[in-house]
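Chemist: Using this note's numbering, the letters of the sequence shown correspond one by one to residues 1 to 135.
By construction, these hints were calculated from the structure, which means they are not laboratory data. Just so you know, not all the hints are guaranteed correct.
Claimed, not checked - Across the chosen pairs, the derived CB separations fall in these ranges: (1) SER90 to PRO49: 24 to 32 Å; (2) ALA38 to TRP72: 12 to 20 Å; (3) PRO31 to GLY103: 18 to 26 Å; (4) ASN43 to SER117: 35 to 43 Å; (5) ARG75 to GLN34: 18 to 26 Å; (6) MET45 to ASN92: 32 to 40 Å; (7) ALA46 to ASN92: 26 to 34 Å; (8) ASN43 to ALA102: 27 to 35 Å; (9) THR30 to PHE94: 16 to 24 Å; (10) GLY118 to GLY74: 33 to 41 Å; (11) THR110 to SER90: 16 to 24 Å; (12) PRO49 to PRO28: 17 to 25 Å.
Note that the structure is a prediction, hence the values are computed from the model and not measured. Using N, Cα and C, we set each Cβ at its ideal position, and we do this for glycine too.
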Amino acid sequence: MTARSLILAAAAAAPLAACNTAPYQPLPPTPYEQQRLASFIGNRMAGPPTRCIPYYSGMQIEAIGDQIVAKWGGRVWVNRTQGSCRMADSANNFLVSESDPAGQYCENSTFKVVSNSGGMVMGSCMLGPWVPYIR
Numbered sequence: 001m002t003a004r005s006l007i008l009a010a011a012a013a014a015p016l017a018a019c020n021t022a023p024y025q026p027l028p029p030t031p032y033e034q035q036r037l038a039s040f041i042g043n044r045m046a047g048p049p050t051r052c053i054p055y056y057s058g059m060q061i062e063a064i065g066d067q068i069v070a071k072w073g074g075r076v077w078v079n080r081t082q083g084s085c086r087m088a089d090s091a092n093n094f095l096v097s098e099s100d101p102a103g104q105y106c107e108n109s110t111f112k113v114v115s116n117s118g119g120m121v122m123g124s125c126m127l128g129p130w131v132p133y134i135r
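Let the sequences and hints guide you as you build the complete structure.
Modeler: Here it is in structure tokens:
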């Protein structure tokens, strides 16, 4: 290999070396996020995690930091996601789910964060297990 070939090969490999391969680590919730989450949970107790929750018409879905909260009637579920749905916690963006055909939100399904202005995808996250909070 010539010196020029080595330089070109090194230049081509440099962007790959800069890629971050570390697993996703969620940011700790801010005091504001903790307060919002507490307002959803109230005096409910955490139940055993479940893989899927049903989708109900009129269900309220909100991103709070790295968590997604689903509320329907008196039921509340919290999901600690992997990825970045933090930007959905803004008036300028909204969540779009990719629920399964059976009308459920299941572990390993994804949510996308979409911009209100232009429909650009701003981020996405993968669901973990859902933790129900029960009175």
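Chemist: Between ASN43 and ALA102, does the C-beta distance stay in 27 to 35 Å?
Modeler: holds (32 Å)
Chemist: Should the hint that MET45 and ASN92 are 32 to 40 Å apart at their CB atoms be regarded as holding?
Modeler: holds (35 Å)
Chemist: Has the hinted range 16 to 24 Å been met by the Cβ atoms of THR110 and SER90?
Modeler: Because 19 Å falls inside the window, the suggested range holds.
Chemist: Assuming the hint says 33 to 41 Å, is it satisfied by the Cβ distance from GLY118 to GLY74 or not?
Modeler: holds (37 Å)
Chemist: Is the distance from the Cβ of ARG75 to the Cβ of GLN34 consistent with 18 to 26 Å?
Modeler: Holds - the Cβ-Cβ distance for ARG75 and GLN34, about 21 Å, lies within 18 to 26 Å.
Chemist: Between the beta carbons of ASN43 and SER117, is the distance compatible with 35 to 43 Å?
Modeler: holds (39 Å)
Chemist: Does 24 to 32 Å hold as the CB distance between SER90 and PRO49, or does it fail?
Modeler: Taking Cβ atoms as reference, SER90 and PRO49 lie about 28 Å apart, which means the hint holds.
Chemist: Is 17 to 25 Å right for how far apart the beta carbons of PRO49 and PRO28 are?
Modeler: Taking Cβ atoms as reference, PRO49 and PRO28 lie about 20 Å apart, which means the hint holds.
Chemist: Is it true that the C-beta distance of ALA46 to ASN92 lies inside 26 to 34 Å, as the hint says?
Modeler: holds (32 Å)
Chemist: Note whether the CB distance of ALA38 and TRP72 lies within 12 to 20 Å or breaks it.
Modeler: holds (19 Å)
Chemist: Can you let me know if the beta-carbon spacing of PRO31 and GLY103 is within 18 to 26 Å?
Modeler: Given range 18 to 26 Å: violated, Cβ gap about 35 Å.
Chemist: For the hint 16 to 24 Å, verify it against the beta carbon of THR30 and that of PHE94.
Modeler: holds (21 Å)
Hint 3 alone, counting from the list given before, is not met by this structure.
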